[in-house]
Every structure is written in structure tokens, then in C-alpha cells.
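J.: Sequence:
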Amino acid sequence: MVPILVFDTNVLVAAFRSRTGASNALVRRVGTGRFDTALTTPLLLEYEDVLMRSPDDLGLTPSDVTDLLDYLCRVCALADVRFRVRPSVPDPGDELVLEAAVASGAAWIVTHNVRDLAAGSARFGVEVVRPGEALRRLGVSQ
0 MVPILVFDTN VLVAAFRSRT GASNALVRRV GTGRFDTALT TPLLLEYEDV
50 LMRSPDDLGL TPSDVTDLLD YLCRVCALAD VRFRVRPSVP DPGDELVLEA
100 AVASGAAWIV THNVRDLAAG SARFGVEVVR PGEALRRLGV SQ
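Residue numbering for the sequence shown is 0 to 141, as defined by numbering that gives the first Met the number 0.
One or more of the hints may lead you astray.
[Unchecked claim] Here are the in silico distance ranges between beta carbons for each label pair:
| id | residue 1 | residue 2 | range |
| --- | --- | --- | --- |
| 1 | 122 | 19 | 28 to 38 Å |
| 2 | 138 | 51 | 30 to 40 Å |
| 3 | 17 | 62 | 20 to 30 Å |
| 4 | 79 | 55 | 28 to 38 Å |
| 5 | 55 | 104 | 29 to 39 Å |
Don't read these hints as lab results, they were simulated from the structure. This one's a predicted model, so the numbers in the text were calculated from it and none came from an experiment. The beta carbon of each residue, even a glycine, is placed where N, CA and C say it ideally should be.
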């Protein structure tokens with residue numbers, strides 16, 4: 000059984016800022032069967048909001064962002080938030096990520112912000128890992 004992952008927005012941003020980093024290696028493997036990914040509508044809207052702020056800074060066009068979001072909608076499991084976990088973490092933006100993980104039964108939240116998400120996610124049995132650690136656990140090289 001493959002693990003279910005939920006990506007923090009910062010992983011998507013990092014994936015486009017560095018084409019050789021762990022975030023990019025992980026995002027490139029979405030939909031390949033190595034792992035499953037999940038999101039919720041609020042998290043998808045957060046992805047859109049952040050990526051559309053300055054897509055050119057990420058080497059993207061608005062059309063590229065739309066294509067990415069459409070792809071994620073096709074390959075990710077869409078989870079319904081049945082109850083709110085708020086407040087569980089210091090940053091309200093991180094609540095969307097934690098809610099998606101809890102709603103989808105994700106094994107891991109993948110983020111560059113482990114410190115802020117770890118305490119809140121532990122209450123719900125969700126591990127918080129950095130992209131490089133996720134790749135190692137999946138047995139995938141960059």
C-alpha cells in the first residue's frame with residue numbers, strides 16, 4: 000500500500016524555484032503510483048492563490064499554473080473536510096494543510112516548515128517530513 004501525501008504550498012513553490020531540488024523531484028512524481036496525493040478544495044485554492052501571485056518568479060505563466068492545478072485535480076484524491084481541526088498550529092495557512100491531511104487519512108504532510116506543523120499534526124497521527132526525507136522513505140533518488 001502506498002502512502003498518501005499532502006503537500007504544503009511551500010513545496011510546490013520550491014519545486015518551481017529549483018528544478019534540481021527534492022521538492023521538484025517529489026512533485027514530478029505525483030501521479031506515477033509511487034505514492035498517492037490528496038487535497039481539499041480550500042487547499043487547492045491556497046495553491047492557486049500563492050502560485051498566481053507571481054508566476055513569472057517561478058518560471059511559470061498563469062496558463063502553466065492552471066494546467067498544474069488541473070492536473071492535481073485529476074490525479075489527487077479530493078477529500079472532504081468533515082470537521083475542522085483548527086486551531087492546531089501557529090500559522091492559520093498551515094491549518095489548511097493539516098485539515099487536508101486529516102480529512103484524507105494522509106500518512107505524511109510534506110513541507111519545509113516542519114517545526115510549525117509537527118506538534119499539531121502529531122495529535123492526529125500524521126507525520127510531518129521534509130521533501131528529501133519523503134524521497135528517502137519512498138526509496139526514490141533525486
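J.: Against this structure, judge whether each hint is valid.
T.: Status of the hints after comparison with the structure:
no., hint, result
1, 122 - 19: 28 to 38 Å, "35 Å, holds"
2, 138 - 51: 30 to 40 Å, "34 Å, holds"
3, 17 - 62: 20 to 30 Å, "22 Å, holds"
4, 79 - 55: 28 to 38 Å, "34 Å, holds"
5, 55 - 104: 29 to 39 Å, "37 Å, holds"
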